[in-house]
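One line per chain: the protein sequences are A and B, in this order.
Counting in numbering that gives the first Met the number 0, the first sequence runs from 0 upward without gaps.
Counting in numbering that gives the first Met the number 0, the second sequence runs from 0 upward without gaps.
No lab work stands behind these hints, which were simulated from the structure alone.
Watch out, some of these pointers could steer you wrong.
Unchecked claim - Using 30 Å as the maximum straight-line C-alpha spacing, the simulated DSSO-like pairs for lysine-lysine come out as follows:
id, chain 1, residue 1, chain 2, residue 2
1, A, Lys60, B, Lys75
2, B, Lys48, A, Lys15
3, A, Lys104, B, Lys48
4, A, Lys15, B, Lys75
5, A, Lys183, A, Lys60
6, A, Lys104, B, Lys132
7, A, Lys182, A, Lys60
8, A, Lys15, B, Lys42
9, A, Lys16, B, Lys48
10, B, Lys200, B, Lys42
11, B, Lys109, A, Lys85
12, A, Lys60, A, Lys89
13, B, Lys105, A, Lys15
14, A, Lys30, A, Lys15
15, B, Lys200, B, Lys105
16, A, Lys89, B, Lys75
17, A, Lys183, A, Lys1
18, B, Lys200, A, Lys30
19, B, Lys116, B, Lys48
20, A, Lys182, B, Lys109
21, A, Lys1, A, Lys60
22, B, Lys132, B, Lys109
23, A, Lys183, B, Lys75
24, B, Lys200, A, Lys16
25, A, Lys15, B, Lys200
26, A, Lys15, A, Lys146
27, A, Lys37, B, Lys105
28, A, Lys16, B, Lys105
29, A, Lys37, A, Lys15
30, A, Lys85, B, Lys116
31, B, Lys48, A, Lys30
32, A, Lys30, B, Lys42
What follows is the residue order along each chain.
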Amino acid sequence: MKQNLIAEQRVMEEVKKAIAEGIDIDPGRIKPESSLMKDLGAESLDFLDINYRLEQTFGIKMARRTVIDHIEELFGEESAIDSDGKLTGKAVDVLAMRYDGYGDKIHAGMDMDELPVLVTVSSLAEGVESLLDTLPEKCSCGAQEWKLEDETRIVCGACSEPASFTSGDELIEEWLKQVQEDKKIF
Amino acid sequence: MIVENSLFTDKVALVTGSSRGIGKAVALAFAKAGADVLVNHSKPEGTSKTKAEGVCRQIEELGRKSVAVAADIGSKASVGEMMEAVYGWRGRLDFLVLSAARAPFKPIEKLLEREMKQLVETNYMGNIFCIQKALPLLEASGGKIVFISSLGSRFYNPSYPLGSMKAAMETLVRDCAQSFAQRGVQVNAVCGGIVRTDSFKTLRQYMDDLENIPDELCVSPEALADVVVFLCSPLARGICGQTIVVDNGLSNSLYRPAWAKKPKL
Chain A
0 MKQNLIAEQR VMEEVKKAIA EGIDIDPGRI KPESSLMKDL GAESLDFLDI
50 NYRLEQTFGI KMARRTVIDH IEELFGEESA IDSDGKLTGK AVDVLAMRYD
100 GYGDKIHAGM DMDELPVLVT VSSLAEGVES LLDTLPEKCS CGAQEWKLED
150 ETRIVCGACS EPASFTSGDE LIEEWLKQVQ EDKKIF
Chain B
0 MIVENSLFTD KVALVTGSSR GIGKAVALAF AKAGADVLVN HSKPEGTSKT
50 KAEGVCRQIE ELGRKSVAVA ADIGSKASVG EMMEAVYGWR GRLDFLVLSA
100 ARAPFKPIEK LLEREMKQLV ETNYMGNIFC IQKALPLLEA SGGKIVFISS
150 LGSRFYNPSY PLGSMKAAME TLVRDCAQSF AQRGVQVNAV CGGIVRTDSF
200 KTLRQYMDDL ENIPDELCVS PEALADVVVF LCSPLARGIC GQTIVVDNGL
250 SNSLYRPAWA KKPKL
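Use the sequences and the hints to build the structure in full.
Written as structure tokens, this is what we have:
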């Protein structure tokens, strides 16, 4: 369910903080539209560090694998990236559906190494929000009241257990299966 | 650090992947021991470059010369250019430390073909490219090669395909040690335990409860770096083709009461 305990603005602030600390840069340089790699100089290891910081902050589990990885796991190797390392047309269709504004930035035949450049501060914040929005209606203890602890952690108002969110990988997988069922892309 | 700061005066070290982590600690340890250091990093732009330049500055503050060299070791051409830069810098190379590594964290059954290729290109072929291209310079100086391995070479780690490459490299270290000994080039490896570097930050996402390992069973990058310096010093002249485990006893600790969690009943 859509959670309303942590405001969008707060998520954005925490994402900026995680990036600033993860790659050791001045937070003032970080804009919502900044590309982590192109504008802020992040590398692949930095992404994992930033994700880890966000997981600690919000008690969520960020995706370990990309949408591309998941497509190939579900629909076979080379379904998203061909043998030359280029994006397939089907992968373009899926990514354009998944991420707003990707439509004009990606095309079939594009090098897969160019994809991480598209990750921006706001796309990361949206990822965090989508995980927080998997907050279940009820806690496993049966109580239906969530509260905020330490400003960013959602816990049960009755038993104080941390909320269990869907993991990033599960969320991508569920979404892909749904897309496949609706559109029969692969 | 017990080593004298004149141990490696006028000597030149190249440390691959030394913009951060263990490589960085090794680069600094060489500088403290008196060597000038080439700091290799993977990408010509971005944080790898900024961090490598930061390491160079730290080395210069220690009174040694240092230069950052961008090269993706998985590319033979790139390694060739790097070695030309090495030769062009001081005209010599005494120590080659192979610390660069890059790998996906995934269970083996989920590895894609391109990931396997990259795994082998960077962590096996890349090291061989470096050895091949550096060999003439190392022969000229009676140099040393030290490979940085990890306990993944011999023990199970979840989602750690890099371990199999480390095992391959430890074997390769034995082979090279024998065949290069007659040319005066000494080859060994250092196998690290749990080291709290940037890679550890990644690993903790894949190994539950990794953070519960107490500090006394972790090893610092500096402790590893000191053993690399030792292996490059005349004190280690009798060691050939060995992998020295530096893990604060982690791999010997079958009984781990401090962090073994009680199973939930």
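The hints, checked one at a time:
no.: 1; hint: Lys60/A / Lys75/B; result: violated, 38 Å
no.: 2; hint: Lys48/B / Lys15/A; result: holds, 22 Å
no.: 3; hint: Lys104/A / Lys48/B; result: holds, 27 Å
no.: 4; hint: Lys15/A / Lys75/B; result: violated, 38 Å
no.: 5; hint: Lys183/A / Lys60/A; result: holds, 29 Å
no.: 6; hint: Lys104/A / Lys132/B; result: violated, 40 Å
no.: 7; hint: Lys182/A / Lys60/A; result: holds, 28 Å
no.: 8; hint: Lys15/A / Lys42/B; result: holds, 24 Å
no.: 9; hint: Lys16/A / Lys48/B; result: holds, 22 Å
no.: 10; hint: Lys200/B / Lys42/B; result: holds, 21 Å
no.: 11; hint: Lys109/B / Lys85/A; result: holds, 20 Å
no.: 12; hint: Lys60/A / Lys89/A; result: holds, 27 Å
no.: 13; hint: Lys105/B / Lys15/A; result: holds, 28 Å
no.: 14; hint: Lys30/A / Lys15/A; result: holds, 8 Å
no.: 15; hint: Lys200/B / Lys105/B; result: holds, 15 Å
no.: 16; hint: Lys89/A / Lys75/B; result: violated, 33 Å
no.: 17; hint: Lys183/A / Lys1/A; result: holds, 28 Å
no.: 18; hint: Lys200/B / Lys30/A; result: holds, 25 Å
no.: 19; hint: Lys116/B / Lys48/B; result: holds, 25 Å
no.: 20; hint: Lys182/A / Lys109/B; result: holds, 26 Å
no.: 21; hint: Lys1/A / Lys60/A; result: holds, 17 Å
no.: 22; hint: Lys132/B / Lys109/B; result: violated, 34 Å
no.: 23; hint: Lys183/A / Lys75/B; result: violated, 42 Å
no.: 24; hint: Lys200/B / Lys16/A; result: holds, 17 Å
no.: 25; hint: Lys15/A / Lys200/B; result: holds, 19 Å
no.: 26; hint: Lys15/A / Lys146/A; result: holds, 24 Å
no.: 27; hint: Lys37/A / Lys105/B; result: holds, 26 Å
no.: 28; hint: Lys16/A / Lys105/B; result: holds, 28 Å
no.: 29; hint: Lys37/A / Lys15/A; result: holds, 16 Å
no.: 30; hint: Lys85/A / Lys116/B; result: holds, 15 Å
no.: 31; hint: Lys48/B / Lys30/A; result: holds, 22 Å
no.: 32; hint: Lys30/A / Lys42/B; result: holds, 24 Å
The earlier numbered hints that this structure contradicts are 1, 4, 6, 16, 22, 23.
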